[in-house]
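2 protein chains.
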Amino acid sequence: MNAEIITIGDEILIGQIVDTNSAYIAEQLNLIGVSVYQKTSVSDNRKHITENIDRAFTTSDIIIVTGGLGPTSDDITKQVLAEYFGANRMKIHEPSLEIIKSLMSRLDIPLSETNCRQAELPDCCIPVLNRNGTAPAMWFERNGKILVSMPGVPFEMKAIMNDVMPMISKHFKLNNVYHKTLLTFGIPESVLAEQIKDWENKLPEHLHLAYLPNPESGVKLRLSTYNSADDKNLLIKEIDKHFNRLRKILKTTVYGENNDNLALAAGKLLQQKSATLATAESCTGGHIANMITANAGSSKYFVGSVIAYSNDVKVKMLYVNASDIELYGAVSNQVACQMAQGVRAVLNSDYAIATSGIAGPDGGTAEKPVGTVWIAVATPHKVIAQKYILSKLRDVNISRASAIALNMLRLELINEK
Amino acid sequence: MNAEIITIGDEILIGQIVDTNSAYIAEQLNLIGVSVYQKTSVSDNRKHITENIDRAFTTSDIIIVTGGLGPTSDDITKQVLAEYFGANRMKIHEPSLEIIKSLMSRLDIPLSETNCRQAELPDCCIPVLNRNGTAPAMWFERNGKILVSMPGVPFEMKAIMNDVMPMISKHFKLNNVYHKTLLTFGIPESVLAEQIKDWENKLPEHLHLAYLPNPESGVKLRLSTYNSADDKNLLIKEIDKHFNRLRKILKTTVYGENNDNLALAAGKLLQQKSATLATAESCTGGHIANMITANAGSSKYFVGSVIAYSNDVKVKMLYVNASDIELYGAVSNQVACQMAQGVRAVLNSDYAIATSGIAGPDGGTAEKPVGTVWIAVATPHKVIAQKYILSKLRDVNISRASAIALNMLRLELINEK
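Top line first, the protein sequences correspond to chains A and B.
Letter 249 of the first sequence, counting from 1, is numbered 249 in our numbering, and no numbers are missing.
Letter 305 of the second sequence, counting from 1, is numbered 305 in our numbering, and no numbers are missing.
I should point out that these hints are in silico values taken from the structure, not numbers from a laboratory.
Don't take each hint at face value.
Identical copies look the same in the list; a pair holds intra-copy or inter-copy alike.
Unchecked claim - Here are the simulated BS3-like pairs of lysine-lysine, each with C-alpha atoms no more than 30 Å apart in a straight line:
1) Lys-248 with Lys-368
2) Lys-300 with Lys-316
3) Lys-316 with Lys-382
4) Lys-170 with Lys-268
5) Lys-197 with Lys-91
6) Lys-368 with Lys-101
7) Lys-232 with Lys-300
8) Lys-158 with Lys-392
9) Lys-47 with Lys-145
10) Lys-273 with Lys-232
11) Lys-202 with Lys-47
Using the sequences provided together with the hints, build the complete structure.
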């Protein structure tokens, strides 16, 4: 069973926004055994939209459309779909109007004619409620195939997808698809490929391996099967068997599975030890704390952080030796170690991470170029630090240093066992 | 002049990664007057790739392809393009081989046969160096039209685009395109549309207005012109004239232009006053500090932050009254204000922001549901706080609370003048 995703909006085509919706929709469809054949982004243009719907109906049974449902003049999706599917008239969808009224009243905004018109839907669609916004979603059918149109605001779309997925499962009979991903950090893709060559060559034909490299999260190794004939539980067992072999080869390079992340992996190890963590961040500026606290439940092991952007804060809050900053510079082994030990002491945590570096674009020297970062980890028993020379790009340096720091902590937690 | 962007990779179609490359490429092409007609994501499949190249050559003169150039078996783009453009043979591109060797030696990894094969390129392409990775880019020509294939790793792709853009400008004669964006925060799209209706109706035919709403950055209003006949400087002046009128209507709702962001807007105001900022974050967990320090030069006004995730840290580091936490709860007017005043005092800054809330998914009560956030701003003269009830989604609550906090600071900085 194939699907296509069509995102509508000039803002995507001129690059003003990154399309995060498509990834989410694709992931959800995959979970119920629907493969996404193609994703297409088109402009707010009638002909371009309808051409692509025509084409997508030839490759797929499911078309998911996002965007172009706003209240303003450049939003034409609803009108185009009404004509495409031959609506006789637009009619007010009362439950959607109620939501619009209550949203506006909660925001203390008078209800406008523009708002009310958003509740008008083509009479040939099945309305799908949007509980978080003013544009309802629409479900259309043609010759057994379906098209669902949703607003482009990500959190509105996600909530609607929750309701649409069971509708799709019910409408179609779906195949067996299964993916599992092993997450690795610290070995580049090409080296990893050499290391696991023998294992990879022994994989059976019906298991497909993909390498998914990402500078912030390492290389993900995904095994997929699209074989609908076999029993799903057997496929799961088979993939687990191959991944167990892979874990023996890669050892601590593997930090998790599927939707895990480095912060979560470190967090799980901390929880096993009933231990707590604090961070002292200079060049990463809160990014590590942000990665940790993005995970629900992180308050169980994360006590907090001191973002010591200025040297004053390093000295005053973290008790870094001012003369060491003078002597070795803020980006040094000594200062990183003292930051980690300092934050561990003042926030009274068991473990601590510290970063001090030159994120760029300015501030580099011949001796310490942009991208130089010292990362330290303090434990109840010791403090270690390591120097990295990353890139010339500020955002890459911040995210990469954060990932390396969390991985250093993770390896310390494993190795001290 | 049209372009199409084709991203290749199963990882995009199964939603394992968000495609950030397309937005960047589209933005770069727009700057030199190239419109992106369509973006398409296809699988690592020979037929699917070539069909889309065939189709894209009918709509566009420029095709930008990313992905599928890795060293592993699922990466087929190079081979497919070699056949598509009729290469006679693959040959080693020595400068690329040098880069691969130096990258591997810097990482202290022995050079493998897999690595070396990445420097083999079809003899019908113009090689484009990839200084940051092992997969070089390729420039192909057919009947005056071009196709550029680049690796999918974002920072490698961005550096290559720097070299490719002048090559495109040189190869084609390009039209006049001009976009300008005004950034607003605090008014929903539909209300904004009502407020500026009269202004919008008076816009001339050749200026196109788009509303770009984003929960973290507010509603962006973009005026575009695609009229190649007119002088570019006149178009710029005309758009500025209309935007100046719009600024008079929207006043302090406008926080910047084009690539500005809320943190930068607040930072500029701080710099005008030679003032400094600190943050005390509970529920936002470092996200505000991260937004501030993402901007180069933020060390001029940002001294640091205390991420006070646990109540202990609030009391010990920020001198929040423990009995007030007991009496009013950590998510309260009193605690938010004391956090802001506390961090302002201990980090010795002129201004401070504090957040305390229930990000979710757990921790909500009937009185304080998930999404309840208190945000406080402390200035040299006073401290103010406000309560918001945001959403049920953790990531939305963190990012939205961060944006509201920065906007509160910005408005305080403007209004106290």
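Intra- versus inter-copy proximity for Lys-145 and Lys-47 (alpha-carbon distance at most 30 Å): So Lys-47 and Lys-145 pass the 30 Å test inside a copy (21 Å) and across (24 Å) alike.
Same-copy or cross-copy closeness of Lys-202 to Lys-47 [CA-CA at most 30 Å]: Answer is between; shortest inter-copy Cα gap is 27 Å, intra-copy 49 Å.
Within, between, both or neither: Lys-232, Lys-300 at alpha-carbon 30 Å: Result: close neither inside a copy nor across copies, 36 Å intra and 57 Å inter.
Lys-158 and Lys-392: within-copy, between-copy, both or neither at 30 Å Cα: between (36 Å within a copy, 12 Å between copies)
Homomeric proximity label, Lys-248 with Lys-368: Cα distance no greater than 30 Å: neither (38 Å within a copy, 47 Å between copies)
Intra- versus inter-copy proximity for Lys-232 and Lys-273 (alpha-carbon distance at most 30 Å): Classified as neither; 36 Å inside a copy, 64 Å across copies.
30 Å Cα threshold - placement of Lys-268 relative to Lys-170: Answer is neither: 37 Å inside a copy and 54 Å across each miss the 30 Å cutoff.
Status of Lys-91 relative to Lys-197 across identical chains (alpha carbons, at most 30 Å): Between copies only: 25 Å across, 60 Å inside.
Intra/inter-copy verdict for Lys-316 and Lys-382 if alpha-carbon distance must be at most 30 Å: So Lys-316 and Lys-382 pass the 30 Å test inside a copy (23 Å) and across (25 Å) alike.
Alpha-carbon proximity between Lys-368 and Lys-101, which holds within one copy, between copies, both or neither at 30 Å: Between copies only: 23 Å across, 58 Å inside.
Alpha-carbon proximity context of Lys-300 and Lys-316, limit 30 Å: both (27 Å within a copy, 18 Å between copies)
The earlier numbered hints that this structure contradicts are 1, 4, 7, 10.
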